[in-house]
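Take a look at the letters that make up each chain.
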Amino acid sequence: MANMIMASSKTLITSPPTPKSKHQPLPQPSVSLPLPLPLIKPRFSLSITPKSLAAAALVAASVAATPLPSLAVEIEKAQLFDFDLTLPIIAAEFLFLMFALDKVYYSPLGNFMDGRDAEIKEKLSSVKDTSSEVKQLEEQAAAVMRAARAEISAALNQMKKETATEVDAKLAEGRKKVEAELQEALAGLEKSKDDTIKSLDSQIAALSQEIVNKVLPVQ
Amino acid sequence: MNVLSCSINTLNGLYDISGVEVGQHFYWKIGGFQVHGQVLITSWVVIAILLGSATLALRNPQTIPTGGQNFFEYVLEFIRDVSKTQIGEEYGPWVPFIGTMFLFIFVSNWSGALLPWKIIQLPHGELAAPTNDINTTVALALLTSVAYFYAGLTKKGLGYFGKYIQPTPILLPINILEDFTKPLSLSFRLFGNILADELVVVVLVSLVPSVVPIPVMFLGLFTSGIQALIFATLAAAYIGESMEGHH
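Residue numbers (the working numbering), protein chains in the order written: chain L, 1 to 219; chain X, 1 to 247.
Please keep in mind that the hints were generated in silico from the structure rather than gathered at the bench. Values in this document were obtained by computation on a predicted structure and should not be read as measured data. Some clues are possibly wrong.
Between beta-carbon pairs, the in silico distance windows are [as the list claims (entries may be wrong)]:
#1 L:92 with X:171: 32 to 40 Å
#2 X:67 with L:95: 29 to 37 Å
#3 L:141 with X:81: 45 to 53 Å
#4 X:119 with L:88: 42 to 50 Å
#5 L:141 with X:55: 52 to 60 Å
Using N, Cα and C, we set each Cβ at its ideal position, and we do this for glycine too.
So that you can see chain X by itself, here it is in the shape it has in the complex (with noise of 0.2 Å):
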């Protein structure tokens, strides 16, 4: 009993020393409903430096750009290449839409690796990316499908129920099943790497306190970045096959 008892013990100091808190939340009550604290302060803060940089640098635009206007017209423009490839002409309406999925998860995941959170102290839980909490990966997910199933709607009315027979309606069942398989992934997807990330460099800090860690913040960098892209990608990719006709 002592040896085990014992081992529980230094189980216990190993996490304590790592300081990983996952799944801990921060609760905030509204209305009877929990909400978690950390994941809306978080996003509060991203959407503060997109919207901030964005009217910072736009407020006087020139017609020769200069600095923060023409790093948003590069964004703007790589934007709506990604839109303009997955979508084909009509993309402009979506360009919205995508721009805003690409900065929001870009941002997110950015800030969970630059900024420094954790000065400040919740009282439980820890402040870190929004995408790393399930229920933010999940909502842009949901928001996706809507987009397509209204891009494709909008666009063929009542006719776009007619891709789930296309080829033939054997393949009714798989295609019905798409339509849960492409949030289920997107989110998931999300949401395990920026997860899978953060543990990686928290464990790796626990262990190695050094400069071992920081080519794999380096990775965690790349991949953050990755995914936003992947994750805009799909989403713009998911729009333009609702929308293109199946003659």
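Only chain L is shown next, with the shape it has when bound in the complex (with noise of 0.2 Å):
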């Protein structure tokens, strides 16, 4: 507050333009205030004499040392709260402003964003619908798979089967050619053994007429 008085207060002492004002201080401030001014004032810019000049440094020094309320009122009213038509100029501005920025900055912008939100999350959700229609598909692919690998399977088994009884009905062919070949060669060798028995019978006749001949004296 002491600064904000000190500081209006300085027009009372510098304002003024011309260099006279640094030696009589106070006697301008009529030009600058309002009309209701404190009764000492006028007095002051009346009176010359080196009396009243010592007497207006005494009250300009007092003013600018203690906030002398009613005398900082009015000061303040002249220079820091001066209202005139700056005020509805400046709201009017104020509207404009906003009205140009709404129309260059917050509507296209926020419009802009607001459909890039809702851009953002149709694509979100319509991916959720692919990934739901993928598991179909995965489904669907994993049902193919099974189905193949189950005919696959039918197919071998039978094959397998098929192979079994023709390697069967090959194995027992071969095994009764072998048999009637094994029957033969036995046979074969039964009849040489007879046959080898016979002659060996023969033999064995003749052998003993011949022992019989030669141990027996002739007569």
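With the hints in hand, could you dock these two chains into one complex?
Take a look at the structure:
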């Protein structure tokens, strides 16, 4: 507060452009202040004696040093708090700025951002949809795989069975053949044995005759 | 007498050095009315900065934002967030008001601290943040009052005035008083903070023109941002308050 008052009271001292003001600081403010002036001031502006100058300086110093409420209000009204046409002009400028910024900034960018949000959301949800589709497709693929696997294993089994019977048949045939050959061979062997025994018998008879002839003296 | 005039002279010299020009205005006359030229000039600059940067950054919005568009999207998200927190689900129509309130005050405050206004000499007074002038802050505060009355009246019709006698008719004077204290506190808070910021910086610079004022300048930037946020948040809170049901 003291700052403001000191600052405001500065005009009392410096605002007159003439260099004379440095020596007669107080007589001027009657120019810059509005009409209802405090009673002391006109008296200063009228008097020129050194004594009154001293008094003026005293008052100035006291004004600068201590906040004299009534005087302070008077000065501030004149300086810091003077309301004029600036106020409605600023209000109008603000409203203009509000509409202009709404046109170039808030509405377009807001709509743009909202549109982008909606688009992203839509894309996300569509991606979720396709994921369910993908799951369905995967299930289908699994089913196809299962079916194919079953088919293949069935075919395999059948083929195995067929080959097994074929092999069995061939095996049986081979076994039969081998058995027949064996039988034949066995029969041949038996026959040759009989022949041998027969020939051996005749030889035995001849040999025994010879032995008898040799052993028994000839008559 | 000599001593006294001497002290006044030194005081004078101090003021001249510090160059604090508070309450001095660059007056223009428009149809017999006075206006503060420096406030209007700086406010035009602020408006030009806002509109220009927004137009430049958003002339061709991309799906994947970069650079300026990214920044403006972030700011819009922030404004929407503030409005939504204070007003509730029906915040949509109030985004331009709250957003412009925030951006205008924020850019104004920072322009006062960052833009080298002092380069441009005016015949009287000096260029500073538009929020440095009581006219600006009162204009914004009054607009806020109009806004929350408008919000309440369009939402609830004349039933809006029922809030003055709630919870009991005894509080009627206080409730009416509130309508005056709201704009008053809004405008004076902003005005006082920005003015005090600039004064502190200027006085410190005049006393110690080296590194000492720099932390204070950063504090000033911080305070300026906070004040813009407070103003916008409170405006949104008042609007939300007048729109919410009293059942």
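| Structure versus earlier hints, numbers of those that do not hold, lowest first | Of the numbered hints, just 4 does not hold.
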